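The lines below spell out each chain.
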Amino acid sequence: MAKLDASSFSDIQGFVLSSYAGNMPCANYLLLKITELGLCRQWLSQLTSLITTGTDRKTDFSLNIAFTAPALQQLGLTAKELQSFSAPFQEGMSTPLRQQLLGDNGNSIPGNWSWGNPENPVDILLLLFASGEEQLAAQLLLLETGISNSGGVALIKSLAAGRQPDAEEHFGFLDGIGQPVIEGTGREQKQLSRTGHATVVKAGEFILGYENEMLKPDPLPEGFNRADFGLNGTYLVFRQLEQHVNEFWNYLDKTTRDASGVSSRAAQEKLGAKIVGRWKSGTPLTNHPHTDPVVPPVVNQDNNFSFAAKDDAGFGCPIGAHIRRTNPRDSLFNDPEVSLRTVKRHRIIRRGRSYGDRSANVYINDGKERGLHFICLNSNIERQFEFIQQSWANNPSFDALNNETDPLIGQRNEGNVFSIQGCPARTRIHNLPEFVTTKGGAYFFMPGIAALKKIATGA
Amino acid sequence: MKQTVLTIITEIDPLKIASLKELLAKIQSDLYHNPYLPFPSLTLLHFASFVIVQNSADAPFLIFENNFDGDLSSYLDQLLGFAENGIDQIYKCCKGYHQPQQLKAFLTANVVKPNAYHIGNVGRAAKDVSNNRQLRIILETYLDKLFGTTKPEAYTSNQLRKNLQEYVNTQVSPALSQPLPPHQTFAEKLMPQVWKILVLALAGVLAIALFPITLGFIYWLRRHERADRPYTDPASLAHVDDLMKTENFITQNHLASITAIKPGPFRLYLLKAVLFAANLLARTSNKGTLSGIPSIHFAHWSIIGNNQLLFLSNFDGSWSSYLDDFIDKASTGLTGIWSNTVGFPETRFLVLDGARDELHFKAFARGMQVPSLVWYCAYPDLTVQHIDKDSAIREEVLTNLSEEDTKKWLKLF
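From first to last, the protein sequence lines are chains A and B.
With this note's numbering, the residue at position 225 of the first sequence is 226, and numbering never jumps.
With this note's numbering, the residue at position 250 of the second sequence is 1623, and numbering never jumps.
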C-alpha cells in the first residue's frame, strides 16, 4: 500500500493538512441545502477551482468543502456505493442510537439542535478562512452571492468563528495544544518545536487510502463506479458546542468556598485546572502539580509529558480530568506500552474554533451564546471520534472511576462526582452541572480533489 | 466460593417460538420486577442470559446462560424456588419438557458445560460483591463528610485510616466488614498449575518425539488455511443497529455469538485442543485477566452439536472497546480459537494475522453475534476492576498495615 507523501498533497484538501490558524485567523462556516440538482452541480463546478488544496500556499483566504451522506446520495452515489462509507456517516449524527452513544441527552438532545437534526438537515459544509476580517467579509459576500444566485443550493446557516490565535477557549484555558502528526506530512519538527513533543501517527488514521496503525487501510468509500473514490478524503465531525461559562466559574466559586463562605480566584483556577488537566496558561498539571508557573496571557504549549511514570495515581492531573480522558497517553491497563499503542488508534485531528463574544464577566450570565465549533478529522468515526466520546469521555467507569464523566464536557448522570486524587486520600466534588450543550452537528465526508471533481460533474 | 459457568441448551418447538420470544421480551422489558423471573431474588446469580439460535439447517434452540455461585443443584433450587412458574412457561415452548415436577431434572439433563471459560473475579460471591460495594460507598460518603470540614492534608495516612477504622468498628455492620475468605484455596490455586505443567511437558515431548507428525500437521494446517475463504463483506447495518439498540445501558455489555465450525474432523479436533489449552491458561491466570484483558466478568466457549461454536461474554464498557482489547491484547488466542470457524479473517499457522485485520474481524464478530433476548447482571455499575478494588478495601479494612501499605490502601478510594 502506498505511503502518504508530498505527491498526494495536491489531491488532499488544505484543511486536512493545516488548520490555517497561523496566517488565517478569521473563519466562517456555511451550512447549505441542495435545492436543485442540476444547478447545484453547476455551482459546484465553478466552486471546485476555488477549493484550497494541500499544495496551495495561499495567504489571503482558503476554502474547503465537505458533504453529508444525503448530499452524496442526491449528487449521484448509488445506494450500494453509500454502503461503503462509514456506518455513522451513513446514518447521521442525530439518530437515537448515535444520540445515546454520544451522550446527547438532556438539553443536548438532537430535537433541540438548530441544525443537523431531521428538522434542520444540512447537505454541504463550506469552511472559509481568511487573513483578516475585511478579507473574510469580502469572500463571504462573494460566496453568499454565488449561493443565492445559483438556484441550486440554499444557505441554511452561517456560523461565524472567533478570531485566532486567541486560542484560549471560553472557559479561559489554552486549547489545541496536543495534536497528532500525520506520518508523511513532514510536520514532526514543527510540532516538536511548538510543544516539545510529537506523536507521529500513521496517515491512514486521518486520510483514507493509506495504512492505519494496524497496518491496514480503513474502508475506502466507493463512488461514481470508482473503487478509489474515497482516496485522500477524510471524515469531518462537526459539533456546535455551547459553553456555559458563567455556570462553570460559579460552580468553581461555590465549590471552593471555605467555612466562612469565601473563595479565592487562585482556588477556583486550581479546581478548574484539575478539571481540565492543564492550567489556564496551558501548562500540564503532570509537570507542574501545584501552581501555574506561567501567568496568562503568556502561554505554555508544553505537551512533553506522560502519566505512567510521573503521575500514575493522578495526584497532578486527576485520572478523570478532561485531557486525561480524551488522551490517556500511557496511563491505561497498568501497561504504558500497550496503552500508547492502543491510544494511537483512537486519535483525532482537532480543527475547531471558538465562536461568540468573550465573556466580559465570567460569573455573569449575559444571555449570549458562546462556545466551540468543534471540528475533528478521522478515518474511522466509530474507532476514533465516537470511541473517545463514548468509551473515554462519557464512560462512568473510565479507568475504574465510579460514576464520573468528563468533568468539562461530559453528560451528567444522577449523583455524579469528580475525584481529585491526592495524599492522604482523594477529595470529590459533587453534582457538576453540564458545562457544555450540543447545539447542532453532523458527520461530513471531505473528499479529495479528484473525487470532488467527480461529485461536481456527476460522472 | 467457587463459581459455576454453564448453559442449559434445549430445542425449541418451532410452533411455539413466537410465543417464547414474546415471553422473553416481557422479561427483558422489566428485568427487576417481571412476574416470570425475579432476578434480584437470585442471590447466587452473577449474570444470566437467554439467546435463541435459529439457522435453516438445525431446529431452533434456546440457550440459557448461567454464571452463579456454588453448585448446580443449589442454584437450581434457588431459581425454581423463586421462578418455577416463569421457567415452566419458558420451557413449555421447548421440546421434551412436560410438567413442573420434572423441571429440575429437565434443566440438569440439558446442561452444557463449557469447553473453556474465564472468570474475572475468582472466588467473589455475588453477595460479597454487593456487600463490598456497599462498604465502599459508606466509606466514600464518610470521607466526603470528613473533608467537607477538614482538608485532607490535615491528616496523615495513618490518622485517616484510624478514623476510617473507628467508623467501621462503631457504625458499620460487621456483615460488611468482617474478613472475607481468600479468593481461592491453596489447592484450587495449585492444581491447575500442576496440570498446566504436566500438559505442557507432555505436549512438548510428543511434538518433539513425533516431529515428522508435527511437520505433517503444520503442512496440513497450512493447506486448510490457504483453502479458507474469509468473509469480506461489512456486517449489515440493520443487524448491527439491532444489536446496538440493547447495548450501553449499564456498565457491562453482553455478547453472544454462534459460529459454524469449519467442516471436517481436522478443524473440530483442533478447536477442541485449542479450547482445552485456553481453559488451562484461564484456570491458571491469577490476575483476573483473560490473556491480558482486564474487563471480562464471565466468558465461555462451548462446542455445540460438534458443528457450532457458542461464545458468551459479559464484559465492561462498549463493544468497540471490548473488541479493541481483544485485538490489542489477545489476538493470538482468539485467532487460535475462531480461525477454526467459517468466515474468520485470513489466518496463518493457526494464530497469526486473523484478528489483527481489525475491520474484517469486527465485521465477522458483528455478523456472528446474535441478539441477547434477555440479559441480567446482578451489579450493573461495577466493572471487574471495581469489584477487585472494593474487595481489596474490604479485605484490608480492619487489618494492620504498614504506612506504605496504608497509603496504597487509601488510593483504592
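Check before you lean on any hint, since a few could be wrong.
[As the list claims (entries may be wrong)] Simulated coverage check for chain B against chain A, where a stretch passes if three residues somewhere in it have a Cβ under 8 angstroms from a Cβ of chain A: (1) 1562-1568; (2) 1613-1619; (3) 1692-1704; (4) 1707-1715.
[Unchecked claim] With a straight-line cut-off of 35 angstroms between C-alpha atoms, the simulated DSBU-like cross-links for lysine-lysine are: (5) K440(A) / K455(A); (6) K271(A) / K1781(B); (7) K1784(B) / K217(A); (8) K34(A) / K311(A); (9) K1500(B) / K255(A); (10) K1784(B) / K345(A).
In short, the hints are calculated from the structure, not lab data.
The model shown is predicted, which means the values in this text are computed figures rather than measured ones.
The beta carbon of each residue, even a glycine, is placed where N, CA and C say it ideally should be.
For each hint, the structure was consulted:
{"no.": "1", "hint": "1562-1568", "result": "violated (count 0)"}
{"no.": "2", "hint": "1613-1619", "result": "holds (count 4)"}
{"no.": "3", "hint": "1692-1704", "result": "holds (count 6)"}
{"no.": "4", "hint": "1707-1715", "result": "violated (count 0)"}
{"no.": "5", "hint": "K440(A) / K455(A)", "result": "33 angstroms, holds"}
{"no.": "6", "hint": "K271(A) / K1781(B)", "result": "25 angstroms, holds"}
{"no.": "7", "hint": "K1784(B) / K217(A)", "result": "40 angstroms, violated"}
{"no.": "8", "hint": "K34(A) / K311(A)", "result": "51 angstroms, violated"}
{"no.": "9", "hint": "K1500(B) / K255(A)", "result": "39 angstroms, violated"}
{"no.": "10", "hint": "K1784(B) / K345(A)", "result": "28 angstroms, holds"}
The structure fails to meet hints 1, 4, 7, 8 and 9 from the earlier list, while all remaining hints are met.
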